[in-house]
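K.L.:
Letter by letter, the chains look like this.
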Amino acid sequence: MAAAAKSVFEPDYGDVDRGVLSVMAPPGIRYWLWVGFLAALVLVGGATWTNQVYRGLGVTGLTQPTMWAVYITNFVFWVGIAHSGTLISAILYLFRTRWRTAVYRCAETMTVFAVTTAGLFPIVHLGRPWFFYFLAPYPNERSLQPDFRSPLVWDFFAISTYLTISSLFLFMGLIPDLANAREASSGWRRKFYGLLSLGWHGTDEQWRNFSMAYLLMAGLATPLVLSVHSVVSFDFAMAQLPGWHSTIFPPYFVAGAIFSGCAMVLTLIIPLRKIMGVENLVTAWHLDNLAKIILLTSLIMSYSYACESFLVWYAKDPIELETFYMRYYGPQGWIFWLMIFCNCVIPLLLFSPRVRRSMVTLFIISLFVNVGMWSERFVIVEGSLAASFEPSQWRYWHASFTEVTITVASFGWFLMWFSLFARFMPIVSMTELKEGLGWLRQAIRDSYSRAA
Amino acid sequence: MAEGLSRRSFIKLAATASVAALPGCEPAARKLIPYVVPDDNVIPGVPAFYATVCAECSAGCGVVARVREGRVVKLEGNPVDPISQGALCARGQAALQGLYNPDRLGAPMLRRKDGTLEAVSWDKALGLLDERLQAAAKKGANRVAYFGSRQGPTLDKLARLWLSAWGSNRLIAYEALNDEAERAAAKACFGRTDLPVYRIDQAEALVSFGADFLETWGSPVEYARQYAAFRAPRPLHGGTVVGRSAYVGPRLSMTAAKCDQWVAARPGTEGLVALGVLNVLVNQGWLPHDSGVDLEALRGLVGMYTPAAIAGRCGVEAKAIVRLGELFGQAHSAVALAGTDDPTAHIGALILNTVTGNLGRTVVFTDAGPPPPPTTGRAEVEAQVAAMKAAEVDVVVVAGANPIYAMPASAGVAEALARVPLVVWMGQVPDETAAYAGLLLPIDHPLESWHDVMPRAGNYGLGQPVMQRVFPTMALGDLLIRSARAGGLGPKELPWQDASQAVAASWQELRARYQPSQSADDFWTSVRRHGGLFLQPGTAGVKLDPAVLKTAPNLPEPAELVLAAFAHPFFFDGRGADKPWLQEIPEPVTQVVWNSWAEIHPETARQLGLTGRASQLWLSAEVDVLEIASSQGRVELPVYIAQTVRPGVIAAPLGQGHSAYGRYARGRGANLFQLLPAGALSVAVKARPTGKKQRLVSPLGKSEMMGRALVEAISVEELARGVAPRPEAPEAPEPHEFYAPFKYPVHQWGMTIDVNACTGCSACVAACYAENNVPVVGEEGVERGRIMSWIRIERFFPAQEKAGHAPLLYLMPMLCQQCDHAPCEPVCPVFAAVHTEEGLNGQIYNRCVGTRYCENNCPYKVRRFNWFAPQWPAPLDLQLNPDVTVRGAGVMEKCTFCFQRIRHAEITAKLENRPVRDGEIVPACAQSCPSKAISFGDMNEPQSAMMRRRADHRLRNYAALAELNTRPAITYLRAVYHGKGKA
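These protein sequence lines are chains L and Z, in that order.
When we follow our numbering, the leftmost residue of the first sequence carries the number 496, and every step to the right adds one.
When we follow our numbering, the leftmost residue of the second sequence carries the number 509, and every step to the right adds one.
Next up, chain L with everything else stripped away, as it sits in the complex (with noise of 0.2 Å):
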């Protein structure tokens, strides 16, 4: 009944922009104490690489014949996650989805950061990772050019393509955030703001043109979060092994990506609005809407799992079957099963609203899947590769130091990156809350409605 005394929580356009710039302030020992905590990770994995190059392979748990394993898992672990943000940013922003207002910048510099991880994997799991640039088409003497019929190549313009096109999106929306920022603050942060904010000044020409520009970014953005990861899928479809031969793999993966990248979204941002004290501008009803798509692409993973087996039995391939039998009931099985109880089961509880609303459980949930999808491609990768054609010849990967280092400090290099861009970044876009404040406002009443 108290609550229902104090005068709902109406934000102006002013509330909205201090919200925002007062997460922009100066931060703060605890800050700095994380982000090196996040920095020195960064540095025993690339220590730990650098002895990886040094030594050789060798000293990862791969074997004959898992070739891939955990960095191949990584790589199409980061790069599902970027898939969200764009899905968000762009295809959401195309159909004027209201709730995407308060998140898709956090997704979006997500997804930025996710590609710049996810693009550090490929190489570091080369045996000679100085001839890295032998995949890029450029002039050389002798006339040698990369092979196109390889999914690799593919790979190779997928995730340039994506991690260009995300950062220009990303960088685009920021611009009058930037000037809000600029005009803010003082000292070298104004000089800063200032030149990232191309001179913007809010005239009538500027935002046509912003927008124009923006919508044609999205539209450009669109297909991207279809293909790239359809490309990458096809690093395994395109081979004829039992378990990654399949035609479902595209949507399949897709689905998964964006499953995983919501998921994601809810793991950074539900303890960031905590943190930087912005509950009241990412409200419940955002983080609503975003289970609700976890929920569906769950119930697509949870179908794409069974029409993938259904697949192999209809086949009745022997070989195949004997995979997916080992798959299920292999040494690693129990992978398997763990995949179908973080995809498949947990995220039935979201058809909950009391759980879609509160963040204790939105937050395990996410966990959850992210658990999930993680070992969804280690199942795919590392499970098919160990018991393929030739039994005589299979054997699983065993983990390995150096591979759960550079794991780990992959998960710090990304969050070093989050981390910083949302303590120097309008990690809210103020732009389209200001846009959509009827809406927020909404979400807030809602939100109180419900607690009384």
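Where hints are given, some of them may not hold.
Said to hold, decoys possible - Sample of chain L residues at the chain Z side, in silico, Cβ under 10 Å: (1) PRO617; (2) PHE626; (3) PRO641; (4) ARG644; (5) PRO646; (6) LEU647; (7) LEU710; (8) ASP730.
Hints are computed from structural coordinates only; laboratory data are not their basis.
The beta carbon of each residue, even a glycine, is placed where N, CA and C say it ideally should be.
Got chain L sorted already, so can you dock chain Z onto it with the hints?
P.N.:
What follows is chain Z alone, placed relative to chain L:
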């Protein structure tokens, strides 16, 4: 890296630290030093070939050494040698690693008072030796002993002369695994001092009583070739005949696995089974009356050994013995072999061969002059050891024998050697016996010195040095001559200055005996070129001594739990264990590497209280360690639970368990000689689990083929009916081409591999290691799945439900299939995996970035990745083939049908302005194969021997995993087996 940060390390670090530092870690440039005075015989880049002989076992195969720029890089069989006929086994291939072994003694060593070794000069070492010998000789006669082994006629002569110079006759020619029982049997049956020559290819049925003739028994290269002919479908008697064979023995050895039947008799009862077979033959009246044997006397000998009477004692079904009788008695020609330590088995086998009229047909005594001398008998060795123990000997020279390792502790060699004031050890890699020596002298490897061998009467192999010494060593013959001179032998008794003269003189004696019309020089040139003198011996008429039919056989009592030790196919009695290739090549049946094991039946395992599963799955696993104790001693061995051994028996390989003998041999597995009484290969033991666990390492994943079209077989009946077996896997689909098919305007290289001929001996694997600079990764590397061999022996057990409708074991070489439609090629992003215009799946090492996608997409899993930079501890690196790139870390590598040999032949043909001839190109694997299972040729040329082999065996021709539409350039010919109930 002792000198700190090297240039190479620095560049590696620099490349790592900065992604911008693009040029990376290629090997540092080394200085090229031209010859100051060029040697007329050495043309850089052009190999020289020298004929010599292999000294790795007593088979004495002729070999040809390929020498590049003054160092031998490869051994191959000598085609004119009637024994090897151009082939060479894995042990022969690995002789190079004995020559270049990094643990070879590099200088004479003197043991100080405190037991440590001190390097001394040759002058000092030899001076000391002479001094001590003189002192010994002064004390009286027979104060000096020579503890050698089988070492060839000239060295035998020199050793004897050397002993006589010092007033002694204590000459021991010791071999742990010898042919004493066999010789005793030949002596008892026929009064012969030599051994018969077997002609397996002339037989239609074969029974082996414990003789692993494809691995270690007698002359395996020769027998593998003969056995391939025996097993090949032959048009005979108006039909197709495939030799039927059976193996009697406790373990499914590789030899047993290539037979139709395995009769798992208790160890030591093989001879009893032979008597049972004789009983069946006598009672069934299947014996010819013209064999010259008194059948009534035979009936008297074997009458009591009816199958029913002996079945229990042998641990086999009576039916099985009857079937062996049928097999032997109903064949037009047959051969029985025996290979146990028990003379009864040998006598039984010889009687079997004689009474069935096969003596002179499949078992032949020749009349080609004196036979090779026997090794010193057990009683004589024991007497000499006793003399040492009684301090009757002052100086013992140990050369080539390793009695401390190979004789049981109860023989007392250690005490005996400790009582000898000076033990002089002469050899290459210091072994267990060297630890007891006061003076250690480094001796030339046989490939560095003059020597000769006589594996059998009429077959004389000449060993000539093929390169300069690797270490400052001395030839054993030179040393003996020099020392004998110091002992007072003048030019009259000892007319030669060094071993080469001694060998030459021996060979001039042979000329005088066999080819007196030839001039001395011509003869000497000819034998050096051909690698020896190979006579065509005639058949000697022999008769069975009737007395042997009246001597009651001496039969051992079976024990409850018996250890059956067997010679390891690669280490033999332990002498191969210092060679990394031999350690790393999996033993064909168990696929275990770098270790020894106790093979036991699941039932026995249960009785012993072992809980571990049968180790047919996921072999590289923690297994229980068993403590095995006999009256002689005790050892601990990891268990290998499988049905490849009969219940109540622990089968274990000899050859490991070294406490010295170099870094590759030391501290691996257990030495079974510690359990065996002298001269025996089986012994009653007690065993208990220790509770400890140990990893038993194998490159193998699963042992079941799971119905996949990898190794296929066809029954003789199907072959006779002319129908190919119903394929278990789906047929190859109609090809759907997205890209234009490859065109092969000149050649398309292909290979045909006869699975029926392949024995699994792994000679091809060793040859590939030698030819292609394939690195060895060690036990840990294999455990982690990083074995590098480009060719491997596929080993699968037939599925339970197929027992009797399949071979006992599937064995087949698997190497890159050089697919026309290769899955590895299109996935490589940088064209490192490319299709050549001659149909090979090329691999460009310096283009490879190491994505490893090619191996992921290879269904045969035959590509190998360099996880670490390969290591060849000096001087093993001198063996590297200069024609083949040494690959660095991070690069994928694979078989390319010995591309360097193809190019060599093509360039030669071009220089001679002619097309490449069929058969001119022989990849290393095909070259080495004892059973000639592998043939190579041009698929564009239907008349090539390789293509004709496919056409001639159309019913047996298949491609591995054909349904994947990879269209391999290798096709296999199905193994042939006899359907159930017929053999």
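K.L.:
Hints first: check each against the structure and report whether it holds.
P.N.:
Hints, one by one, checked against the model:
1. PRO617: Since chain Z brings a Cβ to about 8 Å from PRO617/L, closer than 10 Å, the hint holds.
2. PHE626: Holds - the Cβ of PHE626/L comes within 10 Å of chain Z, reaching about 5 Å at its closest.
3. PRO641: holds (5 Å)
4. ARG644: holds (4 Å)
5. PRO646: With a minimum Cβ separation of about 7 Å from chain Z (threshold 10 Å), the hint on PRO646/L holds.
6. LEU647: holds (4 Å)
7. LEU710: violated (36 Å)
8. ASP730: Since chain Z brings a Cβ to about 8 Å from ASP730/L, closer than 10 Å, the hint holds.
Going down the numbered hints, you'll see the structure goes against just number 7.
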